[in-house]
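*Asks:* These are the residues of each chain, in order.
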Amino acid sequence: MERALFVIFALTAIVAALNVLLRRHPLHSALALLVVLGALTGLYVLLGAYFLAMIQVVIYAGAILVLFLFVIMLLNIRAEEARLERRPFFRWLAVPFALLLGAEIFYLVRTFEENPVPSGTSVGVTEAIGRELFTTYLLPFEVTSILILIAILGAVVLARRG
Amino acid sequence: MGVVVEAVVKIVIVFGIVLTCLAYLALFERKILGWIQLRYGPNRVGPWGLLQPLADLLKFLFKEDVRPTTPNPILFSVAPILSLVPALMTYAVIPFGDRIELFGREITLYITSVNVGLLYLFALSGLGVYGIVLAGWASNSKYSLLGGLRSAAQLISYELTLTLSVVGVLIQVGSLDLVEIVRAQSGAYFGLIPKWHIFWYQPLGFLLFFIAAVAETNRVPFDLPEAETELVAGYHTEYSATKFAMFYVAEYANILAVSALATTLFLGGWNGPGVERLPLLGVFYFAAKTAVFLFIYIWLRATLPRFRYDQLMRFGWKVLLPLAFANIVFSAAVAAIA
Chain A
1 MERALFVIFA LTAIVAALNV LLRRHPLHSA LALLVVLGAL TGLYVLLGAY
51 FLAMIQVVIY AGAILVLFLF VIMLLNIRAE EARLERRPFF RWLAVPFALL
101 LGAEIFYLVR TFEENPVPSG TSVGVTEAIG RELFTTYLLP FEVTSILILI
151 AILGAVVLAR RG
Chain B
1 MGVVVEAVVK IVIVFGIVLT CLAYLALFER KILGWIQLRY GPNRVGPWGL
51 LQPLADLLKF LFKEDVRPTT PNPILFSVAP ILSLVPALMT YAVIPFGDRI
101 ELFGREITLY ITSVNVGLLY LFALSGLGVY GIVLAGWASN SKYSLLGGLR
151 SAAQLISYEL TLTLSVVGVL IQVGSLDLVE IVRAQSGAYF GLIPKWHIFW
201 YQPLGFLLFF IAAVAETNRV PFDLPEAETE LVAGYHTEYS ATKFAMFYVA
251 EYANILAVSA LATTLFLGGW NGPGVERLPL LGVFYFAAKT AVFLFIYIWL
301 RATLPRFRYD QLMRFGWKVL LPLAFANIVF SAAVAAIA
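Chains A and B are the protein sequences, given in the same order. Just so you know, my numbering puts 118 at position 118 of the first sequence, and the rest follows in order with no gaps. Just so you know, my numbering puts 319 at position 319 of the second sequence, and the rest follows in order with no gaps.
These are computed hints drawn from the structure, not numbers from a lab. As the structure is a prediction and not an experimental result, all values here were calculated from the model. You may find that some hints are simply not true.
What the hints assert, rightly or not - Estimated spans, in silico, between C-beta atoms of each pair:
1. B/V3 <-> A/Y137: 32 to 40 Å
2. A/V71 <-> B/I337: 42 to 50 Å
3. A/V71 <-> B/R67: 22 to 30 Å
What the hints assert, rightly or not - A short list of chain B residues far from chain A (calculated; beta carbon distances all over 10 Å):
4. A245
5. P273
6. L304
7. A332
In this text, a Cβ means the ideal position worked out from N, Cα and C, and glycines have one as well.
Turn these sequences into a full structure, and let the hints guide you.
*Replies:* Put into structure tokens, the structure is as follows:
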């Protein structure tokens, strides 16, 4: 049962991810990304990471992707797309990055050790994550919050100038 | 096996009741609007107009499905489904009552109780935007597109307040599980005032939640996405027959869900006198409290004029959001002292 669900979600994620890249219309790509996020949510739930699964939907699907749609609908993305197409430099840049990604995946698969989480543990539960965030990972957490604050300030400055 | 059967039976019962309630909610609304405006409301089909929902249903099913010429026919058909499904999925975690003994086994009066129940609800409310935005886009009409975009902006803005207004309750209870939140509200102080969150430290949170919830469900006075004087009918201008019915049902499903959620979070859910001895009574308390919210919704619609768009945004970001933050600070301070 669990394996079957995993295969379904994983295949959905891969097919949808390919769709994100291959679709001509940016809106269709954005919708394919929504499907990817949905499939990932399913995978998180299978792993018992309920909090992560829900937060993923709330933040990515509920807020960020809606903004993507917003931008695509309000602006004419076609013009931007044509401008990028004319630079062959970007295409060649894809080769080293693809190689790098391939090497990373290869390394991960080689060094992977099966280390399953014992069933019935509460690693993915809200309280456990909260405790970890505010004790072990307090510094990265606070640094991230400052980073987000800077991004907000940047957005305000840019909006003012326009 | 027994667990699966129990779950399936509960899902069927809950959805049967909820869908019937939704049909009658439409009648309830038209009747009350009628009374407030000194009219009778629907009274032709059946005694007291009680068969009106059935007549509406048949009308929606048999009308012609008019399609606009659109480059996205599939999206046009999928959008109403995307709007309806998240609205109905919310009822999976809403606790209608505690547990009862039936046929020698203990049965809980909610479909499931998950540890991230509240987050699940917010995730669904975030997904509800897609139906509306895509309907606006796929209709290939400027009124629909403007309605869809307005709705997206409004939902994102008020979702912040909606989420933050609940944090006070979370600080007090210490759990995202809706059943735990209701349990925490049982009993009374001095044997007189019930321990509902609306009375204890969260009246501001309740007010913010309710205002944001009205905005989230696109209702008067925040019904700008379908402001008929400006946008014809907004995002569902081009929809007809069954697809229109889906948007219609989704709107009522959202209203009912939000009212049930307000009851659960702030009005003690199923709690009331005599529930300890007779748990089934809790379902009636729950339904009565939810009905109060539904009435207020309709009352607002009959009473208030619509906001202007810039007023809506200013109110959301410059009034409600700071108040929500202040409420969180206050709740944290109370929790630290107590």
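*Asks:* Confirm or reject each hint.
*Replies:* These are the hints, each one checked on the structure:
1. The hinted range of 32 to 40 Å is satisfied by B/V3 and A/Y137, whose Cβ atoms lie roughly 37 Å apart.
2. Evaluation of the 42 to 50 Å hint for A/V71 and B/I337 yields a pass: the beta carbon distance comes to about 45 Å.
3. In this structure the hint that A/V71 and B/R67 lie 22 to 30 Å apart at CB holds, the actual value being about 28 Å.
4. Every CB of chain A is more than 10 Å from the CB of B/A245 (nearest about 24 Å), matching its label as outside the interface.
5. Interface exclusion of B/P273 from chain A stands, the closest Cβ pair being 33 Å apart, more than 10 Å.
6. The Cβ of B/L304 lies farther than 10 Å from every Cβ of chain A, with a closest approach of about 27 Å, so its non-interface assignment holds.
7. At roughly 14 Å from the closest C-beta of chain A, the C-beta of B/A332 stays outside 10 Å, upholding its exclusion from the interface.
Going down the numbered hints, you'll see the structure goes against none, and every one checks out.
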